[in-house]
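Now that you have both chains on their own, put them together as the hints suggest.
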Amino acid sequence: MAADSNTSHEPGRLWRNPEPKSSYDVVIVGAGGHGLATAYYLARNHGVTDVAVLERGWLAGGNMARNTTIIRSNYLLDPSAALYDHALRLWEELAEELDYEFHFSQCGVLNLAHTEQEVRDARRRAFANELNGVDAEWLTPEEIAEVCPILDTSPRLRYPVLGATYQPRGGVAKHDLVAWALARECDAMGVDFIQNCEVTGFTTSGDRVTGVRTSRGTIGAGGVGLAAAGRTSLLTDTLGISLPLQSHPLQAMATEILEPVHPCVVMSNHVHVYTSQAHKGELVLGAGIDAYNGYAQRGSVHVIENQLAAAVELFPIFGRAHLLRTWAGTVDVTPDASPIIGPTPYENLYVNCGWGTGGFKATPGAGWVFAHTIATGAPHPLNEPYGMERFTTGALIDEHGAAAVAH
Amino acid sequence: MLLIRCPWCGDRDEVEFRYGGQADVDYPADPERLDDTAWGNYLFVRANPLGTLTERWVHTAGCRRWFSVVRDTATNEMSPDIPSRRESR
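Heads up: the protein sequence lines correspond to chains A and B, in order. Under this note's numbering, think of the first position of the first sequence as 1, with each following residue one higher. Under this note's numbering, think of the first position of the second sequence as 1001, with each following residue one higher.
The following block holds chain B by itself, in its conformation from the complex (with noise of 0.2 angstroms):
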């Protein structure tokens, strides 16, 4: 089981929290202008990498509350997304 570390609440783990997936999947800022090709991708697609995924969990047997976390899909190794340091990744 992942032992998650929720910014406001410590290390908890894993069934206190849902999945959401990869994170900054952004809503089209003027959807009507995307082709379908483009919203489809928008729908359904979204990163699978192998090694670091940045992603989103929501405390829900805590705080209740959303944040990211940067996670190796590989080793399942998690640290906290921290804006300053996505140049690096």
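Bound-form chain A, shown alone (with noise of 0.2 angstroms):
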């Protein structure tokens, strides 16, 4: 460490750290990357800037620091479209705007076709895109070699790649440079980050919620938004509002640090495995969920083996990489592989939940559409499809194919 840590790459201190105030205007539970986004438009957007965002560990220490930063916007139907390439649209402005680098790369990302039916798939999403205005284009394997040279296109596999979509203006971004960039901006507009601070359940008066109990003690709210990802239940559960929420280990990984190899995000549903490398260095990997439900923050170690399996199935050189580590956060999942955004039975009470294995990428959108709810008490048009009514009307979102990789 340099002694003056002012000559170093970081600054000290992005944020404070204050005692919770007495109550605050708006209360945004989970200081991860959608909760730092919102309360981030909250202020941008709305001037809202009584805000407390309460985080039971530390700041982006959940599933913020455990993702694998895939960005894209390649999803299926409409209201996904419409949302995720907003979300990508905010990315490609955000670090301008919050004047910080955090390395958001459009590296393009790759999601590959193995079988005759996912080739009809894929073509299908790749035209539903085009017509969202969302950039994506079909490649045979001679094309997806040119793009990533690294990728075994050869029909040798057991399952040959047998072309690919492609999204151009995907990519990645290193996730704790875009927590801090997002708190260091929130923070100077004067949004109270409290850390170890972890929300057990509310105060209410009739239908609605007047503060939240913490372990730091009670906060009063005029309002509150749920940004806790896999814990999001367990807070509602308290109110007796049922989420059709499930919470499960996802786990990824990373190699030691290479030389640049990997040119692009490659995405293959069938062998079942993501990858793409850090702007350090690292291979990053990823695949689904552990099968069973879990708040441990860890998985079973076959569902490593299996992407690993694929990933040098794919990748021959990765074969000659060692893997440092491997990691998991607790995901919740939605039925329809798409989030719940929207408010709830109480009035002044809102979520932003089961964003399942996929919710980086849609970070500053997120944030977007669930500050204009929490500001307004009514949903932005982009999330007005994503409320939990969809559950009793049957109007689901199902996203479980352009989920890229089964959740």
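Be a bit skeptical, because a hint or two may be false.
[Stated by the list, open to error] Chain B is faced by these chain A residues, among others (derived, beta-carbon under 8 angstroms):
# : residue
1 : 150
2 : 247
3 : 292
4 : 293
Hints were generated in silico from the structure; no laboratory data involved. Just so we're clear, the structure is a prediction, and the values are computed from it rather than from any experiment. A virtual CB, placed ideally from N, CA and C, is assigned to each residue, including glycine.
Structural data, given as structure tokens:
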């Protein structure tokens, strides 16, 4: 460590660590990416700055620190394309807006197809993307080899690569830096981040929430927004609100730091792995959830083994890399692989949850629409289809196909 | 990897099993009488506790029989689901 922290790349303090006030206009539960982005757009778009973001651990230490940083918007259905591409357009200006280099790299995303059915589904999705103004094209194996030369596109594979959809605007960003950039700006606008402050329940009056009970006392709130990912239903259960969420371990892993070898993001639904190379040089791999419910932030080793087998099959040179770390987060999965963003039966309590395995890519978009929902009391047009009532009306937003890797 | 005790085959690795989610979710006795909310809850809402969950597993690579266990979702500690002990949980 440099003796003078001002000479290091990162400054010593990006946000204060204030004591919680007795009440706030808005309390957000969860200082992950979505909570931070929500606080940012509450202040920036709606002028709401009397805001506390409460975090049971440390800022951006949950799924925001554990995801594989992939950003894309090539979803099948109209409400999804609108929501995710809005997020992608925000990503394209966010680093400049926050004046913070967080290594947003639009290196492109390939979604591979390995069976005839996958080819049909993927081409349909690419056509739907084009109609929705989302950049997408269908690539043949020869064209894929030009985009990603280290990928084995030969017919020797057990499941040969038959083609891929390609979204050039997709890519990766450095998740920790995204969180710090948002936190610095929120702090400057007056938002309080209260770390080591676990919310355990609510105080209510009739059909209103009046505050949150926390490990650091009760904090009053004019409105409450939940951005608590895998632990959301533990909170809503205390109010008798039934959400269709199941919390699962989701694992990921990283190799040692290597020279740049991997030019883009590659995702394979069928052999079940996704890969990219971080800005620093690690190969980053992930896949689907562990089958069982769990809050342990760890999963089973055979899930890792299967992903590595798939990765080495697709990328023979990965066989020489050393795996350094594996880890897991707790993700909240919905029955239709789409999030729940909107009001609840309590008139000033709002939820942003159910992002499952794919929340990072939506960080600014989720924050934008959730801030709107909290500030105005009604959903933004982009999150109107995402209310919890769709599980009663049946108007599901089934994205299991375009969620790219099975939930 | 979980070590799961099949009531018929004994302790086996998790890879021999498939997960079946929350136990004791019965088909509604009179489904036509349910309103949309109740039907939606039956279809989509399952318990998601931090702590003990009674859940179903099937021994797909063994005897292919279904059974219930009680698992702590924070520690993954598992114990048999014994009906006479249910009252105390």
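Structure-based check of each hint:
Taken as an interface hint, residue 150 of chain A does not check out: its beta carbon lies about 30 angstroms from the nearest beta carbon of chain B, beyond 8 angstroms. Here the hint on residue 247 of chain A is kept, as its CB sits about 6 angstroms from the closest CB of chain B, short of 8 angstroms. Residue-level restraint check for residue 292 of chain A holds (minimum Cβ-Cβ distance to chain B is 5 angstroms; threshold 8 angstroms). Taking 8 angstroms as the C-beta contact cut-off toward chain B, the hint placing residue 293 of chain A at the interface holds, the least distance being around 5 angstroms.
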